[in-house]
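A.B. asks: Chain by chain, the residues run as shown.
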Amino acid sequence: MTAKTYHISDDCRYGRTDEWIRLDGTVARVGLSDYAQSELSDIVFVELPSVGTQVEAGEPFGVVESVKAVSDLFAPVSGEIVEVHENLEEHPEWVNEDPYGRGWIIGIAPEDLDAIDGLLTPEDYRAYIKERSEK
Amino acid sequence: MTDAPRRTPLYARHIDAGARMAEFAGYDMPLVYSSIIAEHRAVRSSAGLFDVSHMGEVRLRGPQALELAQRLFTNDVAATPIGGVRYGLLCLEDGGVVDDVTLYRCGDEEVFFCVNAANIETDLAWMREVQQKTGLRCDIIDESEQTALIALQGPTALKLAEALGRGHMPVPRRWRFAESELAGLPVLLSRTGYTGEDGYEIYARAEHALRLWDALREVGGDALQPAGLGARDTLRTEMAYPLYGHELERGLNPVEAGLERFLAFGRGFIGEDALQRAHASGPAQRLVGLLPEGRQVARSGYPILAEDRIGTITSGTYGPSVERPIALGYLAARYAAVGTRLEVGVRGRKVPCEVTQTPFFSRKS
Chain B
1 MTAKTYHISD DCRYGRTDEW IRLDGTVARV GLSDYAQSEL SDIVFVELPS
51 VGTQVEAGEP FGVVESVKAV SDLFAPVSGE IVEVHENLEE HPEWVNEDPY
101 GRGWIIGIAP EDLDAIDGLL TPEDYRAYIK ERSEK
Chain U
1001 MTDAPRRTPL YARHIDAGAR MAEFAGYDMP LVYSSIIAEH RAVRSSAGLF
1051 DVSHMGEVRL RGPQALELAQ RLFTNDVAAT PIGGVRYGLL CLEDGGVVDD
1101 VTLYRCGDEE VFFCVNAANI ETDLAWMREV QQKTGLRCDI IDESEQTALI
1151 ALQGPTALKL AEALGRGHMP VPRRWRFAES ELAGLPVLLS RTGYTGEDGY
1201 EIYARAEHAL RLWDALREVG GDALQPAGLG ARDTLRTEMA YPLYGHELER
1251 GLNPVEAGLE RFLAFGRGFI GEDALQRAHA SGPAQRLVGL LPEGRQVARS
1301 GYPILAEDRI GTITSGTYGP SVERPIALGY LAARYAAVGT RLEVGVRGRK
1351 VPCEVTQTPF FSRKS
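If you're matching them up, the sequences are chains B and U in order.
No gaps in the numbering here: position 70 of the first sequence is 70 in our numbering, and each next residue is one more.
No gaps in the numbering here: position 346 of the second sequence is 1346 in our numbering, and each next residue is one more.
Check before you lean on any hint, since a few could be wrong.
To be verified - If we take Cβ atoms under 8 angstroms as the criterion, some of the chain B residues that face chain U in the derived model are:
hint, residue
1, K68
2, S71
3, Y100
4, E111
5, L113
6, D114
What the hints assert, rightly or not - Incomplete in silico selection of chain B near chain U, CB under 7 angstroms:
hint, residue
7, D10
8, S41
9, V44
10, E65
11, V67
Claimed, not checked - Cβ-Cβ distance ranges computed for the label pairs, FRET-style:
hint, chain 1, residue 1, chain 2, residue 2, range
12, U, K1350, B, E89, 18 to 24 angstroms
13, U, R1267, B, K130, 38 to 44 angstroms
14, U, V1171, B, E90, 42 to 48 angstroms
15, B, E131, U, K1159, 44 to 50 angstroms
16, B, V70, U, A1178, 40 to 46 angstroms
17, U, Q1146, B, E131, 37 to 43 angstroms
18, U, G1348, B, N87, 24 to 30 angstroms
19, U, R1250, B, V70, 27 to 33 angstroms
20, B, K130, U, R1349, 34 to 40 angstroms
21, U, G1268, B, S133, 53 to 59 angstroms
22, U, G1018, B, D114, 47 to 53 angstroms
23, B, V70, U, E1307, 25 to 31 angstroms
24, U, E1307, B, E123, 35 to 41 angstroms
Keep in mind that the hints were calculated from the coordinates and are not lab data.
For every residue, glycine included, the Cβ atom is placed at its ideal position computed from N, Cα and C.
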C-alpha cells in the first residue's frame, strides 16, 4: 500500500476528533487537520455557530459536509466562540485547500489556556493517525 | 457480506494511483483518486476513465435466446438492431424491479446483459427460474469474472479512443456497439455511459485490462482523469439516472420511477400486466428531482415533508456542474408536480426545497 502523507502543522495541538487548535494571544483558532480534510474530501458546506456561543470540550459546535458524508465538528477545549470564519459559507473548499490557513473555522476564547497543553502534540497526533490508518 | 471484498483486474492501478478505496457491491473499488469534484469536472470538460469492472455480464445464446431475453427485459428486444444497445428493467410479475440493465443484441440467437454488480447472483437465479418455467432453449452464461469494463467518458473521449484505434476503428453511433481493437487488444466498444457525456464503455478480457488501462492513460496524459465511484455517482445524479438500491428495488416499479419509456407494452415481458395497470391508474408515489435551498445536502433516507412526511430522499449530493445540492426522492404523487414547494428534514431541521425538472444538468444550460 502506498501510505499517504499528511501535513501536520508544528504550531498546533490536536484533538482526537481531528481538529487543530492554535493559540494566538488569548484567542485560539480551530480548524480541521489535513488528515481530516483528506478523509472527507470535497467539502461543500460548513455549518458555523454564532459568535458568543459557549462550547464545551468534546461537544459539537458545527457541521462539515463533503460530497460523500456529513460529520460533526468538535470543540477541542471549552470556551466562548469569539469569531467564526464567515468566508467559508462561500468558500467551503478552503478547508480542503489550506486546512491550517484560510481554512480556519472558528476562534475560541478558552476558559483555561492550559487546557490546550493537554491536547495531542504534533508528534502524538502523527502517531495517532498512523495507528488508525494501519487498522 | 462477510467475505473479503473482491478486486477488479485493475486493483493494483488504483492502489498505485493512491485512490481511496471503498467497498461497493462486494468489490474493493476506487471511491476517489484526488477529488470527486475535480474528477467530475474533468468528465464534463475533457475526459474521465472509470474502472467499472465490478459490473456483471450475462450472455444468452441459443435458438430461443431472444425470446427468453424478451420475457425478462422490459424494453423491445426485437426492435433492437444487431449491434444495438437498449436500457431496460428486469421485473417481477408484480412489476417490482429485479435489476436495471442494458441489453446488447449480438445476433439472432445471442444477446448479453450488462447488470449491476450487486445483482449478478440474483439476476442469474431469476433468469434460470424464468427459463425453467418457460422452457425456452438457450445457454445462460455468466461472463462477469473474465470481463473487464472501462468507461471512457467526456467530450474528448472519442478522440482518445481513436488515437488508440490505429486507423481501423469503427465509430459506433449512440446506443450502438462494435467489435474493435484498442492498443492492439480486442474490445467491444459501446457508445453508452452513465455520466451524461459522450464516450464509450469498453468491454475487454480481464487479462487485457491492465494493458488497456495503461494505454488509455498514456494516450490521454493529463487530459484524461482517472475517476472513482464518487464522481460516477455525482455525474449520474446530475443526470437523474437511477441507481439500483436507491431509486430502484424489488418493492418499487418502473412506473413509479418514471421509466415508462423503457417499457415496451405488448411484447409479453414479465410484469407487463401489473405495470400496464399501474400506468393506467397512475402510481401512488413518484420519483422526482428536488432542489434544496442553501448548501446543505439532503441525503439518502432523509424525510420529505409537506404538512406530514410525504416521502423519502433516495439520492442526494452536491452537483459539481450545477454547483448546488440536488436530490432524488419518492413522494406521494399529488406533490410530484414541478414547482411544488416542500421541505426536507435535514438532521432535525426543515430545509425548503422545490420539485424540479430532471435532468439537473444539461449540456445547453
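A.B. asks: If a hint holds in the structure, say so; if it doesn't, say that too.
C.D. replies: Against the structure, the hints:
Annotation: interface hint on K68/B holds; nearest CB of chain U at approximately 6 angstroms, less than 8 angstroms. Because the closest C-beta pair between S71/B and chain U is about 11 angstroms apart, greater than 8 angstroms, the hint is violated. Checking Y100/B against chain U: minimum C-beta separation of about 19 angstroms lies over 8 angstroms; hint violated. Interface hint at E111/B: violated, since its Cβ lies 28 angstroms from the closest Cβ of chain U, which is beyond the 8 angstroms cut-off.
Here the hint on L113/B is broken, as its CB sits about 33 angstroms from the closest CB of chain U, past 8 angstroms. A least Cβ separation of about 34 angstroms between D114/B and chain U goes past the 8 angstroms threshold, and the interface hint is therefore violated. The interface hint given for D10/B is broken, as the beta carbon of that residue sits about 24 angstroms from the closest beta carbon of chain U, more than 7 angstroms. At its closest, the beta carbon of S41/B sits 6 angstroms from a beta carbon of chain U; the interface hint therefore holds under the 7 angstroms criterion.
Against a cut-off of 7 angstroms between C-beta atoms, the interface hint on V44/B holds, since the closest Cβ of chain U lies about 4 angstroms away. Interface restraint check: E65/B against chain U, minimum CB-CB distance 5 angstroms, threshold 7 angstroms, status holds. Taking 7 angstroms as the C-beta cut-off, the interface hint given for V67/B holds, the closest approach to chain U being about 5 angstroms. Checked against the hint of 18 to 24 angstroms, the pair K1350/U and E89/B passes, with Cβ atoms roughly 20 angstroms apart.
In this structure the supplied range 38 to 44 angstroms is violated for R1267/U paired with K130/B, their Cβ-Cβ distance being about 59 angstroms. Look at V1171/U against E90/B: about 43 angstroms separates their beta carbons, and that is inside 42 to 48 angstroms. At roughly 47 angstroms, the beta carbons of E131/B and K1159/U sit within the given window of 44 to 50 angstroms. For V70/B and A1178/U, the Cβ-Cβ distance of about 44 angstroms falls inside the hinted range of 40 to 46 angstroms, so the restraint holds.
Here the CB-CB span from Q1146/U to E131/B is close to 40 angstroms, well matched to the stated 37 to 43 angstroms. The beta-carbon spacing between G1348/U and N87/B, approximately 26 angstroms, falls within the hinted interval of 24 to 30 angstroms. Restraint check, R1250/U to V70/B: a C-beta distance of roughly 29 angstroms satisfies the suggested window 27 to 33 angstroms. A hinted range of 34 to 40 angstroms holds for the C-beta pair K130/B and R1349/U, which are about 37 angstroms apart.
Distance hint check: the CB atoms of G1268/U and S133/B are about 55 angstroms apart, consistent with the given range 53 to 59 angstroms. Checked against the hint of 47 to 53 angstroms, the C-beta distance between G1018/U and D114/B comes to roughly 40 angstroms, which is inconsistent with it. Our hint of 25 to 31 angstroms for V70/B and E1307/U holds, since their Cβ atoms are close to 26 angstroms apart. Checked against the given bound of 35 to 41 angstroms, the beta carbons of E1307/U and E123/B, roughly 56 angstroms apart, lie outside it.
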